[in-house]
Amino acid sequence: MKLQHYLGGLENLGPVDVEKQVFVQPWEKRIFGIHTTMMAESAHLIDALPGYPMDTLPTAFKNTWTWASLRTGAEGMQPFEYFKFRYYEKWLMGISGFFVDQGYVSGDELKSRAEHYRREPDAPLPDQPNPAIREQIVRYLQEGDSGLRPYDAAPLFSDGQRVIVADPVAVDHTRLPGYLRNKPGTIVEVYAGAFAYFVNTGLDGIGEPMPVYRVAFDAADIWGEDKSEPNTTIYADLFEAYLQGPARS
Amino acid sequence: MSQLFDYEQQREAESAAKVRALEALLIEKGVIGSDSVDTVLGHFETVAGPFNGAKIVARAWVDAEYKARLLADTPAAIAELNLAQGMDGAEGEHMLAVANSADVHNLIICTLCSCYPWPILGLPPYWYKDPVFRARGVREPRAVLREFGVPVSADTEVAVWDSSAQIRWFVVPERPADSAHLSEEQLAALVTPESMMGVALVQLPAA
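Protein chains in written order, with this note's numbering: chain A, 1 to 249; chain B, 1 to 207.
Heads up, some of the hints might be wrong.
Examples of chain A residues toward chain B, derived with CB under 10 Å [what the hints assert, rightly or not]:
no., residue
1, G9
2, R119
3, L238
Bear in mind the hints are in silico, worked out from the structure with no lab data behind them.
The C-beta atom is built at its ideal place from N, Cα and C for all residues, glycine as well.
All chains, full assembly: derive it from the sequences and hints.
And the structure:
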């Protein structure tokens with residue numbers, strides 16, 4: 001198991017941080033903006049429902065970059081390292097590492113340019129606006145990248161059915177919260193249509209379009225009667241590959 | 001203590017220099033434009049943000065039929081309001097509202113990452129991304145809510161919504177008592193991002 005997949009339920013962590021800011025340092029905004037630009041330029045958007053002009057977009061970026069890319073990186077971190085770094089520190093590490101690994105920038109030029117800005121924090125950025133990329137960013141933010149796709153087969157499970165959550169091998173990335181594995185729940189909604197995921201997660205089982213279910217769990221069924229708070233229901237949206245059933249009652 | 005402080009300052013300065021170096025190199029190499037990052041950030045100042053969610057909630061408070069439509073078909077009800085284009089855009093393609101009441105208190109969480117309804121709430125605050133919140137919110141939500149200053153009676157069900165697939169959830173909080181004299185616009189001004197994720201109640205300003 002990877003600790004990042006099993007965060008839900010971890011104990012002995014002390015009080016929650018009630019910090020309400022979105023960014024706690026100005027530099028964090030820049031890495032968020034770079035990431036979101038990459039998502040708007042991602043090669044996989046050629047197949048997105050809004051019909052984005054990925055084949056003609058004037059950018060040197062030719063990779064697919066989605067939430068799955070960022071999440072896979074975070075889930076791949078050594079778990080104790082994962083907790084040492086703040087949210088956007090992990091983004092900066094993951095995204096700069098990606099650009100070096102893919103050969104867009106070299107580690108040396110990134111290092112020497114960072115030393116330059118360390119000495120002169122207010123030195124300007126290059127002035128090379130790109131109106132076509134700007135237009136694509138605005139369109140992407142307005143029109144998004146829904147995973148909703150046609151699907152011919154009938155859903156395997158139905159509203160009201162008791163199910164047990166599957167326990168597939170989590171390879172590099174999963175959308176199945178670890179604390180729900182092997183737990184019994186009740187389907188309370190079969191979402192209309194089917195949903196693809198950004199990448200095929202291999203043995204984990206998602207990627208191709210499949211039905212998604214809203215599953216209700218009694219907290220006592222997850223944590224145990226004596227170890228859970230009373231009168232508490234946990235809902236999760238689970239891809240069909242993450243369910244088996246029916247549960248023996 | 002001062003050494004720790006120096007270290008933190010250095011850590012931030014190094015991250016700031018590194019991200020600026022990365023942005024500069026990506027601009028030079030034609031990966032992004034020099035206006036790209038600001039275009040993204042501008043979207044979250046003017047188009048997508050909690051100001052949209054606040055308008056949706058205030059409308060639901062003053063119009064019970066609208067509230068019913070919002071809970072039954074969230075995207076269609078949002079589309080009724082005259083909000084900016086893009087309310088079903090990135091990270092809001094499939095949004096659903098749940099309403100707090102005397103019977104149930106809703107808490108939104110994303111235990112695997114930080115899924116959040118961007119168009120109507122903007123970007124997630126740090127508490128939502130914090131591993132401690134993500135770990136404890138599903139195990140002891142009532143204790144977590146108490147730490148946020150929201151005690152929930154044992155008679156009230158707590159419903160925790162773990163955003164693990166396509167749906168981005170948000171909460172219609174309860175309208176504060178004694179607010180009948182307030183206009184829809186005045187009500188919207190009271191609605192916080194935290195209240196729309198379930199970790200705060202909406203309160204009248206202290207008299």
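Results of checking the hints against the structure:
no.: 1; hint: G9; in the structure: 5 Å, holds
no.: 2; hint: R119; in the structure: 8 Å, holds
no.: 3; hint: L238; in the structure: 7 Å, holds
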